[in-house]
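**Q** The lines below spell out each chain.
Protein chains: 2
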Amino acid sequence: MVSAPRIALCQMRVHPGEPRRNAEAVLAVIEAHRGRADLIAFPEMCVPGYLLGDTWERAAFLNDCGQWNQRIAAATAGGPAVVFGTVAVDRGARGEDGRPRKYNAWIFAADGRALEHPGTGRPYGIKTLLPNYREFEDTRHFYDARRLALETGRDWRDYIEPIPWEFAGARHRVGVMLCEDAWEDDYVQKPVEALAAKNPDFTFNLSASPFTRGKNDKRNRVFGAKARLLGSPLLYVNAVGIQNNGKTLYTFDGQSTVYGADGAVLQEMAAYEEGVSILEPGLGLGGWRSGAGSQAARTSAEFALTPNSQPKAPNISRIAPFSIPEAHRAIRYGAEKFLESTGLRKVVIGVSGGVDSAVSAALFAEFVKPEDLLLVNMPSRFNSATTRGLAKALAANLGCLYAELPIEDSLKVTMGQIGDWEVSSVNGSLRVPLRLEGVAFENTQARDRGGRLLAALAASFGGVFTCNINKAESTPGFGTLYGDIAGFLSPLGDLWKHEVYALGRHLNDVVHGREVIPNDVFEIVPSPELSADHAVDEGKGDPMYYPYHDRLFYSWVQRWDRATPEENLAWYLDGTLAKELQLPHEVDLKKLFPRPKDFIADLERWWSLYMGAGVVKRVQAPPVLAVSSRAFGYDHREYLGKPVYTERYQELKKKALADELLKKA
Amino acid sequence: MVSAPRIALCQMRVHPGEPRRNAEAVLAVIEAHRGRADLIAFPEMCVPGYLLGDTWERAAFLNDCGQWNQRIAAATAGGPAVVFGTVAVDRGARGEDGRPRKYNAWIFAADGRALEHPGTGRPYGIKTLLPNYREFEDTRHFYDARRLALETGRDWRDYIEPIPWEFAGARHRVGVMLCEDAWEDDYVQKPVEALAAKNPDFTFNLSASPFTRGKNDKRNRVFGAKARLLGSPLLYVNAVGIQNNGKTLYTFDGQSTVYGADGAVLQEMAAYEEGVSILEPGLGLGGWRSGAGSQAARTSAEFALTPNSQPKAPNISRIAPFSIPEAHRAIRYGAEKFLESTGLRKVVIGVSGGVDSAVSAALFAEFVKPEDLLLVNMPSRFNSATTRGLAKALAANLGCLYAELPIEDSLKVTMGQIGDWEVSSVNGSLRVPLRLEGVAFENTQARDRGGRLLAALAASFGGVFTCNINKAESTPGFGTLYGDIAGFLSPLGDLWKHEVYALGRHLNDVVHGREVIPNDVFEIVPSPELSADHAVDEGKGDPMYYPYHDRLFYSWVQRWDRATPEENLAWYLDGTLAKELQLPHEVDLKKLFPRPKDFIADLERWWSLYMGAGVVKRVQAPPVLAVSSRAFGYDHREYLGKPVYTERYQELKKKALADELLKKA
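First to last, the sequence lines map onto chains S and R.
Quick note: the first sequence uses this note's numbering, first residue 152, plus one each step.
Quick note: the second sequence uses this note's numbering, first residue 152, plus one each step.
Misleading hints may appear alongside valid ones.
Intra- or inter-copy, both count: the list cannot distinguish identical chains.
To be verified - BS3-like cross-link-like pairs, simulated, lysine-lysine; straight-line CA separation at most 25 Å:
hint : residue 1 : residue 2
1    : Lys349    : Lys488
2    : Lys804    : Lys815
3    : Lys497    : Lys793
4    : Lys814    : Lys804
FYI, nobody ran anything at the bench for these hints, they're computed from the structure.
What you are looking at is a predicted structure, and each value in this text was computed from that prediction instead of being measured.
Full structure from sequences and hints, please.
**A** Now the structure itself:
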């Protein structure tokens, strides 16, 4: 057996659009591992970053990345070899947008230069499968092995080759693929199969893979199977950090993992932690292909291993199992890093005494100092002593700054100006009376808090303010633009209402280990308190009944086979609604909707809002911190249009209402 | 010669996401043309609509479209044949997102049924080239002929075949392609070449092609060449209407055109007008292949022909020729139709006396009745008598409703609450003094106008309010979120400042034919009037010098080969800046930037804002009405990140500053 190379996985934090910062981190890792490792693997797109919008169209940016690629390759002279993901430009050819052709590529460099890839004939290998769904849009910017095959008349498999690497007198055949290449199951072309046919000694999957709840389990299942297919170890190297596409913020969770030839998880790096893991030579590269490596790996002391998780198959068409600690970890990481990225450290949170703002406050209190955290309660005449007391108790529990700023004086000015008046043309020939009342007056209160006070407070405090909306409110647009739909980030914007409650209890019970959120916050009825119709102490509040509407909205927004009123009504009529929506037992559908027409009226009310006002508001809403498999924003593309109902829905509705009449008669 | 079929082009208005409405329009056209036409062509995606976000993931929507497709095909029994663009679903196969496979497809139906396509073997043909740049993302949702070829091992050209259509005892070979298929020049695969090799008698290009300034000229050039390549007539059928992807609103301009076999424009339908054009049989289908049809077409009386335009090649890397009437037509159409789509007819516009709001008002006054249009001036102590007078004069000229609502009382309430105070923790252990002043106080004024007054006024008036920001302000984020960056639409959001002026003059001179915008509005210095530093009467105003910054920002945002400070600085140093930016003669660079360091300071100031605060604000900004080749929003994808400067930029800067020191010494 030849001397086995010491392999290291670098789970690095990638800063989007900052090639210098990223490349310098790579260079520092190479430098620090001279004599300690023989081959270091870095994530996909670790030089440029990944979610960069149309930055890929800037020639200066591409050139900049190119020269950093070269400097990294050069740094392997006399040191460890590296394999890293980056952008490669083929200036001699054009992409389908007419611009210089770019690849989502990887470079294997040793002895000071990038090795020629036997498949492409270039100093880089390229990604075969380009994801183009959810938040991904690789095909918008990059060319791939399949298009290249169509162009050259070669087989696309020709571009997939293990790279031959001479080390210590032996020639290793190292397989390398990028992220989606391993997620081949929905594609006709199967890169892992193609690679397996060429017998790599071991294979890297370099990824830039954002966190999604339940993804880790699914990946272990998929990648374990791919390792078995390869018949040799599979080393998954993922980035950490945050990246975004403006509307939606993603956390990259790392969790770089080594899979044995038998598919077992040999080693997993901690979520969200930067670090380098040097695999023990004792693991035996030579032995890996025979499957002898499936004993648990020993690792260097540089990073912590998390317990191996058991793969299990999530049922993607149902509500994914809600792991509170997992979601909390992602939200905390994302919120903290995003705050850091603004260059500010101070946060203002409008606290109503309700659960959403309380959870937001308890979350930020984890990493914002008490003197940098300002909670503000802004009561009008409609806010109860109950909620005002809860807001104050929350602030007292957190020990942070607190202010109560009533909005009645300001509302009086507004009402005095435009509450009840007449507007006319300059020459007086036109006269129109106007009154500010009803919902318009309710929204005026919300904007007075958000657009007037919170924004000004944040500016004078030198910080940001949060948007505390949740996904159940965001779906129908239950909130006020420039009011409570405002702020630097929606940390809870990808959580349903029941998940906000669960996160709140987790924050108290586990994270803070004490009652920072007063227990009564979880008990009172959720209410906007914008009119006498929302009196909390009388049990009046939001028009949504969350145990039901959370799941109804989920079926439209997040369910994999996306439902519409057509499916909902069909389920209702055939008695499978509770099962399809996975309603909790407390929901009594008969009581909630005594007659089909009640069900239908509710369904159409909320669908029309989801397709109507909801979209209008989401277009101008703050960025959402994504944790689910379908977050609002870039991951849930939509348009401003009319709410529509299919022909089949109309038929079902007609039949249901006719049956109801028949029953009555 | 056989009896030639009477062919009609239906330039229909397509309503996105409304299959019933669209299909019923198609059915009505078929019905109305029984006995008057033999073959009617409709646009691409005329049943479902085109810009629909992820609506394509809804099975109920796809089924709904499917049954409308069938009803349209059935309606051809005993009537004219049709060819129309729509979505086709292959339920037996999967797309790369794992969902049922969908095609951007076309159906040719005659005698009550969809004809089998000889290439696909299915009752539909499919698009070969899927655009995936700017606002387009066909590949996200649709499978195409090229992927199919890779999967089946067939040649992609096999899926391109003229469809054989029996009419009046003769067999016609009708070529059909969809939109991008004709824009083949940047692609390796050339569908028109492939089709030409199969000798169609004539060819339709069914399109859903949004308006972009200068597109019509470019299309005439490209399509003329394609007709020559085909050696037979090319009939371009485009939709009219508006569609959007939330952040960006597009107008579809129609301008359906018939190109002769020699590439000449034989006929062009009017922009933005719905209509059916029946081509005169005298044009001679049989004769078309021989090129005899290149005489100007006579058309039915149902629609107006616009004068044929001369093809010319726009220089895409330069500022496109600004056609005011063309831009005005698109903006007016888009703003009017978008207002209609909200279901409201009333509009509130905050008028400062400056040019942007004045142009916005003069624009909406074209189609909003005086009693439905409310202009509001909201002065603080910083607003001059000059601008207040201009605002009032504008309203008087338009004869619409007008109000002056000062914001000083409201500012006093805010300053009384948080202007100069101390905030503390509940137990008093922490105390922090806060002052609302400087820029924070300036923005408070803007939010008082937008978030407090305009939003409340629009709600009580029962209408919407506009966002009057232009592209030169939007680029660096020169505006206040929840303040002047708020509203239902940015009608001027895709115009540079000098284009806003030009549009304003056009509105006065041509559209209204009188001075509705007071001439002084064009003369005063542009200013936000938020502090004593912005005193208009003293000539103080915006920090941008628009004659220069308009073009600098253009080079970053809109120039095809997108510039960055690296290119800008290189141009400055080699003396080509004025030429590259196409600066107007009035810009004296030497005077503007006496020393390199002045140029660099200005460059970095604005680039940092464009990459920083500008993005933050655009994420939450209202939808932009697109008219350029790169509008903010979905057409200009970006991310929240750090402004960065390339290595080469840093070198150039170092050198420039060193040279400057040298000169001094």
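**Q** Against this structure, judge whether each hint is valid.
**A** Consistency of the hints with the structure:
In this assembly of identical chains, Lys349 and Lys488 lie within 25 Å of each other by CA distance neither inside one copy nor across copies; the values are 42 Å within and 59 Å between. Taking the closest pair of Cα atoms, Lys804 and Lys815 come within 25 Å of each other only inside a single copy of the chain (17 Å); across copies the shortest separation is 83 Å, beyond that limit. Taking the shortest Cα distances, Lys497 and Lys793 sit within 25 Å of each other only across copies (19 Å), while inside one copy they are farther apart (41 Å). With identical chains, the CA atoms of Lys814 and Lys804 are at most 25 Å apart within one copy only, with a shortest distance of 15 Å there and 83 Å across copies.
In this structure, the one hint that does not hold is number 1.
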